[in-house]
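Peer 1: Once you have looked at the hints, place chain G on chain F.
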Amino acid sequence: MNVSPAERSNNARAKRAAAPSGQSNAGSTTSILEEEAVKSGPDLRAAAARRERLLRIILPVVILTAAILGWEAMVRIKEIPHYILPAPSLILETLVKDWAVLSVSLVKTLEITFAALAVAVAGGVGLAVLFTQSKWIEISFFPFAVILQVTPIIAIAPLILIYVDTIPVALLICAWIVAFFPILSNTTLGLNSADHNLRNLFQLYGATRWQTLRYLRLPAAMPYFLGGLKIAGGLALIGAIVAEFAAGSAGRGAGLAYRILESGYRLNIPRMFAALLLISVTGILIFLTFSLLSHLMLRKWHESAIKREN
Amino acid sequence: MTDVSAPSNNVQNAISGISLRSASLSYEGKVVFEDLDLDLPVGHMTCLLGPSGVGKSSLLRYIAGLSGNGAEATVSGRLLFNGTEGSKADVAYLAQQDLLLPWLNVLDNVMLGSRLRGVRPDCGRASALLERVGLRGQEKSRPASLSGGMRQRVALARTLMEDRPIVLMDEPFSALDAITRFELQELASSLLAGKTTLLVTHDPLEALRIGHRLLLLTGSPARFETPIDPPSEPLRDAGTVEVAALQAAIMERLTAAKHQARAASSNAQIQAGQ
Numbered sequence: 013m014n015v016s017p018a019e020r021s022n023n024a025r026a027k028r029a030a031a032p033s034g035q036s037n038a039g040s041t042t043s044i045l046e047e048e049a050v051k052s053g054p055d056l057r058a059a060a061a062r063r064e065r066l067l068r069i070i071l072p073v074v075i076l077t078a079a080i081l082g083w084e085a086m087v088r089i090k091e092i093p094h095y096i097l098p099a100p101s102l103i104l105e106t107l108v109k110d111w112a113v114l115s116v117s118l119v120k121t122l123e124i125t126f127a128a129l130a131v132a133v134a135g136g137v138g139l140a141v142l143f144t145q146s147k148w149i150e151i152s153f154f155p156f157a158v159i160l161q162v163t164p165i166i167a168i169a170p171l172i173l174i175y176v177d178t179i180p181v182a183l184l185i186c187a188w189i190v191a192f193f194p195i196l197s198n199t200t201l202g203l204n205s206a207d208h209n210l211r212n213l214f215q216l217y218g219a220t221r222w223q224t225l226r227y228l229r230l231p232a233a234m235p236y237f238l239g240g241l242k243i244a245g246g247l248a249l250i251g252a253i254v255a256e257f258a259a260g261s262a263g264r265g266a267g268l269a270y271r272i273l274e275s276g277y278r279l280n281i282p283r284m285f286a287a288l289l290l291i292s293v294t295g296i297l298i299f300l301t302f303s304l305l306s307h308l309m310l311r312k313w314h315e316s317a318i319k320r321e322n
Numbered sequence: 003m004t005d006v007s008a009p010s011n012n013v014q015n016a017i018s019g020i021s022l023r024s025a026s027l028s029y030e031g032k033v034v035f036e037d038l039d040l041d042l043p044v045g046h047m048t049c050l051l052g053p054s055g056v057g058k059s060s061l062l063r064y065i066a067g068l069s070g071n072g073a074e075a076t077v078s079g080r081l082l083f084n085g086t087e088g089s090k091a092d093v094a095y096l097a098q099q100d101l102l103l104p105w106l107n108v109l110d111n112v113m114l115g116s117r118l119r120g121v122r123p124d125c126g127r128a129s130a131l132l133e134r135v136g137l138r139g140q141e142k143s144r145p146a147s148l149s150g151g152m153r154q155r156v157a158l159a160r161t162l163m164e165d166r167p168i169v170l171m172d173e174p175f176s177a178l179d180a181i182t183r184f185e186l187q188e189l190a191s192s193l194l195a196g197k198t199t200l201l202v203t204h205d206p207l208e209a210l211r212i213g214h215r216l217l218l219l220t221g222s223p224a225r226f227e228t229p230i231d232p233p234s235e236p237l238r239d240a241g242t243v244e245v246a247a248l249q250a251a252i253m254e255r256l257t258a259a260k261h262q263a264r265a266a267s268s269n270a271q272i273q274a275g276q
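Protein sequences appear in the order of chains F and G.
Anchor point for the first sequence: position 235 equals 247 in the working numbering, and the numbering is continuous, going up by one each time.
Anchor point for the second sequence: position 228 equals 230 in the working numbering, and the numbering is continuous, going up by one each time.
So that you can see chain F by itself, here it is in the shape it has in the complex (with noise of 0.2 Å):
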């Protein structure tokens, strides 16, 4: 029950004055109380709607506040050398201090993610139309993006480097590889969604295989799609990443991972976590940036976005 300690001594003063007047007058007592509870239901019940809303925000707030509190006291409490876990605060300063050269790193990583992440869409749901054409092209053309899905990225990626001259290209091989998959196979799964009741009303008003695509089954595999895309934005971050790592010295002046490499030959590990910080943060933001896309495209129309009244 969401009653206020100060409705609850209402409640009990109100038993206490009902209570000498003895049995006769028990029932107008609840009715009285009753009354009280149907007045105040509709604001204890925004009151809590309200509580809820702020509780969802400060809890974890507090709670992650609390982890890196906690890892700053380990760490000079502890006196742990920052070559072995750095604190907070020494990643928070190396991060400002070599901003210079993390943020041009970060600039490439972002780079080979967002290009790789282009060059899926486009392929994506470009290969998905053409599934959709024809199901021998499905069928015969499949297995392929399994096989690419499958293979781990990092078993791949030395060769693509050895086959690859330009390493760009190369990152970006690798990265488009791992983002491709759940945009192809989420907007084949989109497009073949649209209801077959709309398919024979579109044939029945004559509507072209353009048209039934351009107003029926791309706009029924939006959803889809973007719920593809929110993966894929993560996945090409990641691709990117790993591709650098394998790439390894050959990355020379490359993104994020090269530095995190090479503060690691050179013992500097808060700079390692600054760079991890950042890959982090970017992956957050990039997560964060197609959900609120996908939140303004479908509020106005597909039930996952749709405020009801329960």
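The set of hints was computed from the structure by calculation and includes no laboratory data.
Using N, Cα and C, we set each Cβ at its ideal position, and we do this for glycine too.
Each hint can be trusted.
Which chain G residues face chain F? A few, computed with CB under 10 Å, are given here:
| hint | residue |
| --- | --- |
| 1 | Arg63 |
| 2 | Ala66 |
| 3 | Leu68 |
| 4 | Ala94 |
| 5 | Tyr95 |
| 6 | Ala97 |
| 7 | Gln98 |
| 8 | Leu106 |
| 9 | Leu114 |
| 10 | Gly115 |
| 11 | Arg117 |
| 12 | Arg144 |
| 13 | Ser147 |
Peer 2: Below, chain G without anything else, positioned relative to chain F:
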């Protein structure tokens, strides 16, 4: 008995709105109907009744030209609209589901057909139709924010927007509550006056309220029984004695058909068992 002209309604048109000649349809080797003839009078609402699964919707889809798209279906026979070999361009279709595109607003949904034909949509007419079905001021709403009854009204407006001489309806009101269904029956009856309409329904009362003529489809393969021509013009009052008597008669025939179908299928099972 399958040659259905309309003596009681005094329509002696030489041509029919819809004519079927020896129409056959089998689905996955099972014959749904075979050698079926049908003539529907121009400008009248014909209601098609029958037990579930008898092939009412299949017949409607056959007329709409939608049954030939599965590899499992075998289709034959001649289909004539207004005396000439059938063309889909004459047909508008209203289904049980509203079939609105959720990403378009109400107005764009109503004008979908024009957009697909590459014609500049007539906004004024669409708005006027929406007003006639009682949806004034909802032009910009998305289907998701409307009730089931309102969505079906939009679908009705879209069907009318097409302005085809022939309208096929497949249980369009069956998913609605009783009051809304009642309202929409009246609305459809008045708005579709003058069009050749075939309405598939499982509700004898609905058919008796708004149909000029009632067809019963029974058996397997499906055949037409003797048609019922209720006295007086639609829209009929559901409370009169005649309508009640007719409803009882239809129920009796449908129940008999259902028992027969059940007996036939259990016989077939026994034979298959041996």
